[in-house]
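Chains as they are written, first to last, in the numbering used here: chain A, 1 to 397; chain B, 1 to 397.
The reader is advised that the hints may include incorrect statements.
[Stated by the list, open to error] Pulled a few chain B residues facing chain A out of the computed Cβ check, cut under 7 Å:
1. Gly72
2. His235
3. Gln303
If you are wondering where the hints come from, they were derived from the structure by calculation, not from laboratory data.
Glycine included, every Cβ here is placed at the ideal spot set by N, Cα and C.
Number of protein chains: 2
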Amino acid sequence: MPAQPARGDLVPSAVLGLLGTRGPLSRAELARQLGVSPATVTQITKALLARDLVVELDQVPSHGGRPARRLGLASTGWGAIGAKVTADHVALVHVALDGSVTGSSVHAFDPDAPHALDALAVLLRDAVESHDGHLLGVGVGIPGAVDSQDSGTVEAPTLGWSEARVGRALRSALGVPVLVENDVNTLAVAERVYGVGRDHGSYLVATIGRGIGCGVVIDGALYRGAYGGAGEIGHLPMSVDGPACACGGQGCLEAYIGQAALERAARERGITDDGIDALRLAADQGSADARALFAEAGAMLGQALAGVVHTLDPEVVVLLGEGITAWQYWEVGFAASFRRHLMPSRRGTPYRIDSWDEDKWALGAAALVLASPFDQTGATGDQGSLVRERLHAGPSA
Amino acid sequence: MPAQPARGDLVPSAVLGLLGTRGPLSRAELARQLGVSPATVTQITKALLARDLVVELDQVPSHGGRPARRLGLASTGWGAIGAKVTADHVALVHVALDGSVTGSSVHAFDPDAPHALDALAVLLRDAVESHDGHLLGVGVGIPGAVDSQDSGTVEAPTLGWSEARVGRALRSALGVPVLVENDVNTLAVAERVYGVGRDHGSYLVATIGRGIGCGVVIDGALYRGAYGGAGEIGHLPMSVDGPACACGGQGCLEAYIGQAALERAARERGITDDGIDALRLAADQGSADARALFAEAGAMLGQALAGVVHTLDPEVVVLLGEGITAWQYWEVGFAASFRRHLMPSRRGTPYRIDSWDEDKWALGAAALVLASPFDQTGATGDQGSLVRERLHAGPSA
DNA sequence: GACGCTTTATTTAGTCGCAAACTATCTGCA
DNA sequence: TGCAGATAGTTTGCGACTAAATAAAGCGTC
């Protein structure tokens, strides 16, 4: 833990990143947001202005003092590519620095195939080559544990990957910085840059969908755990025995309210045999059974998240994931359960639902790259430094 | 989040603290332990040597290179006072920088009394005045939530305290730095300096006793949560309904395996009416019922801690608390349950039992002060800076 | 016992970012 | 009109720490 971490030009990158993700800001605003002194911002921006990376825009009307002169990025051509890997496809998005999606695609993918990593590399190389503008890097979201964003060695049972050297393989194939991270954590990072992280330093991002996951952000930094496995709330033990879970345990949260569990329950209760979408449709059409099933799941989620809140005491909990589209039915059970299982002093802990669309996973992966200018903890490693270097070098390519 | 936090002379304090808590070290060792460059250590130690705060000791035989010259503290007269406040007494210890106890005492205390804070201040003032050597500060451990170590405003239902301004009151009464912290967190900090924290950056300290608690240390820093309430695992919801808990909820972990719950179960099962010590005695004497009761508690603790491990992915879990004296009986249920509820990839997470004696709570509180030279996060606030200042000023008083 | 290797400690030159003092420019109020 | 107060931005000098080069002092080995 270096007192002053060896980080090449972190603040300039952070300035560029902030201007890119938040739009034009005054110097004073930059200083406040980044927690550095105004003096430093003056120095940094002076250099960036001289190098034409930043331009002085308009002057905003005063609020009882000298008017602020806003700064903006000289070039808005910066962007990143995000990829989300699942058991049957890869979703790709091209994202600009401000978070806007400039293109997206979905590709069939078989992670069990002999040269799956090579196939992934090919997919991504095409995307890199077709990228319009100056590419800062590629972010990859994986449903599994990643030892570090930097090395990107992956343990992902659902993909059949063990000790897969995803980061290394892609890096050498693509020639641009590649950051690999657990998929839920990418969403947490995205919230840091574009969502709740603007107003809160410590929060949880819980996802409901195929699995149940949780990203932990503490004081603005993603907490990954000792071995990159923090936030595995899908396997919180909810009962001593209970249904068998894919992880080998019994009574895991996911074995109760994961997508597969809900689909099985829907079958057993005679609601539908056609999967989760049909179940939601049934609820939409007024099926009391379907609604009850979601409400029960919501209640259990509430109980589990109450426990996590007791453990971590976050400022706010964000709920996300593909399952969130049925949230109105989950909430019926969740709201009461969550409050009831919280101790009185925590009962005020707010939760928020973010909007969802299919791109969001991949978008989160791209956010990994776009957030790396803000990384003060070194979590992004060498690849993060490379991203900052490219940002620093300017859109010359 | 300042990139370079405003901290007055942090490294010199850390050097002194490290020499005090770990004994003589070479410069190279100091550099490695503190994560600073050898150059810095040379500069710092040069200054400290010049001011006679540090002395050069012997030269240790080489291991294939230039022999290391070890440095030690010139004065070992530094110490701190630790206080643990409970519902019926206050335990005090005087502790030297190296963690050795130089004196201890226990005083009756009624936190519900009208001027309880004043009474506490009187107790502590006597201790401060009678302290032998140079006092760095006073640490106070409280069974409740503390907003920050610095301000020390306390929310402690078990003491009947709400918004009690403990820190402020004691500070003005004592005239030395006062750090206030949740009691479990003080143990976590003590482990950081004297225990498992020497070898591990991220760990949990779980306590069993009157309550069930947990301290969270992440990358060497105590994680306190957004409102100082992290680690309240005593109120993890273990079931949808279940026994009523003092917190107002139902089915909390503590309502199953806290001291009061165990004592009630012992009564109901006809094992003993005489409290927890009698229960352990019964187990010692071979009572199968008593042993089963502990084993059941252990099993539930294992399940709960497995969940916490899934959430936080620590390197190691340390078990502590006054209840740990009966650990041999807990363990029967704990070991299997903990492993069984962990997912395969976490099943290797080790747990350790620390020895226990009654001073340990107060000792933890003292460690709060003795660890403040290592605080890089600013968690100790102004009071921490004051401690560092006193350390820096030398044992002149 | 000369050479290479390892580890420890120091020196030097330089970077990063801060605090403090300052200037600049506006609002509001008497 | 003029001054207090607020907010924005700049300049200057400095403290803390680093990286890189160097010196110091031992070990092993042929």
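Q.
Hint validation: Gly72/B versus chain A, beta carbon distance must be below 7 Å. Holds or violated?
A. Because about 23 Å separates Gly72/B from the closest Cβ in chain A, which is outside the 7 Å limit, the hint is violated.
Q.
Given a cut of 7 Å on the nearest C-beta pair, is the interface hint for His235/B held or broken against chain A?
A. holds, 5 Å
**Q.** Proposed interface contact between Gln303/B and chain A, which counts if any beta carbon pair is under 7 Å
**A.** holds, 5 Å
Comparing the model with each earlier hint shows a violation of hint 1 alone; every other hint is respected.
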